[in-house]
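Trainee: Those sequence lines, one after another, are chains A, B, C and D.
So the first sequence is numbered by our numbering: it starts at 24 and just counts up by one.
So the second sequence is numbered by our numbering: it starts at 3 and just counts up by one.
So the third sequence is numbered by our numbering: it starts at 162 and just counts up by one.
So the fourth sequence is numbered by our numbering: it starts at 20 and just counts up by one.
Any given hint could be a false lead.
Claimed, not checked - With a Cα cut of at most 35 Å, we get these calculated DSBU-like pairs of lysine-lysine:
1. A:K242 <-> A:K44
2. B:K12 <-> D:K78
3. C:K245 <-> B:K154
4. D:K61 <-> D:K78
5. A:K182 <-> C:K245
6. B:K159 <-> D:K79
Calculated directly from the structure, the hints in this document are not laboratory data.
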Amino acid sequence: MVVALYKGIFKRDMSIAFQQKAELIQPLMFLLMVVTLFPLGVSPSPETLQRIGPGVIWIAAILSSLMAMERMFRDDFQDGAMEQYVLSGMPLPAVSVVKVAGHWLVSFVPLLMLSPLLAVFLNLTVDMYIALMLTLLLGTPLLSLIGAIAVGLTVGLQKGGLLLALLLIPVFIPLLIFATSAVDSAALQLPYYPQLAIIAAMLLLAVASAPFAIAYSLKVSQN
Amino acid sequence: MWKWLHPYAKTEKAYRLCITLQPWFWSGALVCLFVGTVWGLAFAPQDYQQGDSFRIIYIHVPSAILSMGTYVAMAVAALVGMVWQWRTAYMAMIAMAPVGAVMTFIALFTGAAWGKPMWGAWWVWDARLTSELILLFLYIGVIALYGAFEDKQQGGKAAGVMALVGVVNIPIIHYSVEWWNTLHQGATISKFDNPSIAPEMLWPLLINLLGFAFFIGAVTTIRLRNEIVRRELHRPWVQALANTYYENKRT
Amino acid sequence: MSVLDAAALTCIKRDRTLFEGLSFSVEAGELVYLRGPNGAGKTSLLRILTGLSHPDEGNVFFNQKNITSFPSEYNAQLLYLGHKSGINGALSALDNLSFWMAQHGVKQSPEVLFNVLATIGLVGLEDVPVRFLSAGQQRRVALSRLWLKKAQIWILDEPFTALDVSGIALLENAFNEHISQGGIVITTSHQALSPLAGNHRTFDLEYQW
Amino acid sequence: MQFDSFSSFLSMGGYAFYVWLSFGVTAGAMVLLVLQSYLQHKSLLNTVVVEQARKARVKKARDNASM
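Pulled out of the complex, with its shape left as it was, chain A reads as follows (with noise of 0.2 Å):
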């Protein structure tokens, strides 16, 4: 009966989004626009753009999921519905997680899913391309985990935008370094694991930690 409950708020997350295609496609956009300003900034030629590739990539794949952070909690905090679920009795930590997954399904598998084309358009071997997809499939419900938390905290405050970005960042910098580590280290033939299984362990931290956070900040935002 309890899964039942949790499918529900799923399954409602999911028509909710599918309501607002836009508010989903237009992170993918900015992605795909901030890569394409690269070359156009620093220089067309291949092995410049093979070199700053990876960080490319890492860097834009956070912005633009701070701009589609957002979205988790604010309708359901602005509608009243946050409310309502910390009086639906149900253990606020496992609502988070269903939410958190929700939104980790609609706005970065997209983005996984996008990958291949940033990878042809930054001359990425496939070596490298596989590394940061495995990156990306460890790091973004690290983002999506983290990043939580503190859209649990901003969500009550009006401008908490670029508050978000700033709260962030800075917590988003270990993953960063891992991960372009590891499609450097791709580029150059060598073994990647060490940084995949750091970035894993900081994920495994996340999902045993983080829900109890994101339950209560959003309860101090809720008072």
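Once you've looked at the hints, dock chains B, C and D against the given chain A.
Mentor: Relative to chain A, chains B, C and D alone:
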């Protein structure tokens, strides 16, 4: 001035005009595309340098030209809508936008596929391909802006302004990208010029261009009819239209 | 025996004590009309009663059990409607209500939903995204949960806002029915309650500087 | 005819993959666009019929309410 054009400002007349135009567009498109493609693929001579991969020109160049042409047509429709306050002009602009975006996508994809055997990479930051990509972003901007408005009337006006801003920027983007390309003239990217086209290569190209233009006209009329129905849902003539549509579908 | 008790509640918002040492109790079948000037802390008091926000001092008891230590029992019997309706604009009234009914574990068939929406005067608007409805109609969609979820305690914050005359009569009628069946209604409203809502106890909250 | 046999026509002088991919994607994009336009047309007419059904439902409710 232009008295004969005024009746088409009213939506029902414009709807009827679309219905009469559509069969002509479709027949023109099918004939020209068939003739142009078969002629280009099978009968036109090979290019002495690139061999048969050159035949992609018969869809790349028409779609590239028409992607630019559709954007200009969109801007003209926006201007007409703005100056003479014609709602149908805005609807035509919105009908054209996705068609132009698809044309730009076709030009991009065929350009990349054509470049692959030459440059060895699926995507190269060649001047024309880059400005074509930026044009696609302009199209997506106009479509996204229109989609963001709940009140389609207001959305049409806003998208119209963006279309005009875009059309002013197209030449600026084109020349700055050209200059950027020559500036970064890396040894790896050989300046790829359109080979001088022999007459028997040119004819299928022109026919295909006409074919694509007819195709754009046909799809735009369908989408214009959609926009008109979407905006006039409660008008009696649309109700009658929907009922007759479902009557003959049911019998 | 009182069902809901507030013991020595104190609430301080932005360094201003809204109320201090506030105690009262509500028996079954009672309609409490919370009155007070703007800024007196009515909304804060209601949110403390529901457990949404915590008082600086004091506790709230439901059937003599502290609501912070036994939240699930209290939540099952509580229905709170704040200023924000809890209805998502992108979804239709039907989707919203069937979602909330499933969350409350109340199995409702579409017919019941359609009937409730009809009694609340929303015929023909059941499948329209809620954002296209007027403020009064959106308020009615939120209020239709009173008919759908069987909860003993109704805590309503300004439920009459944006309602027209027929809406107000409908709601007061529902109050009367609810308290006659032993329910509790605690509500605020910027206009006086008509006798249609049945006998009620007014509770005044002074504005404290 | 530029090609002596149909198979050499298909091979396109060794560039078969690129030529046929381009033509295929172009045809595909055009067909998808036309399909989307017609589906949109059908769904719009459908909304008109749904609107009429809604008006009938409201009128019926008002009639038996006023009875």
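Trainee: Each hint: holds or not?
Mentor: Against the structure, the hints come out as follows:
1. With a C-alpha separation of about 29 Å, the suggested pair A:K242 and A:K44 falls inside the 35 Å cut-off, and the hint holds.
2. Simply put, B:K12 and D:K78 have alpha-carbon atoms about 31 Å apart, close enough for the 35 Å limit, and the pair holds.
3. A threshold of 35 Å between alpha carbons decides the hint, and for C:K245 with B:K154 the separation of about 28 Å falls inside it, so the pair holds.
4. Distance restraint check for D:K61 and D:K78: the Cα-Cα separation of roughly 26 Å lies within the 35 Å cut-off, and the hinted pair is therefore satisfied.
5. Pair hint A:K182 plus C:K245 holds up; C-alpha atoms about 19 Å apart against a cutoff of 35 Å.
6. For the given pair, B:K159 sits about 39 Å from D:K79 by alpha-carbon distance, which is inconsistent with the 35 Å threshold.
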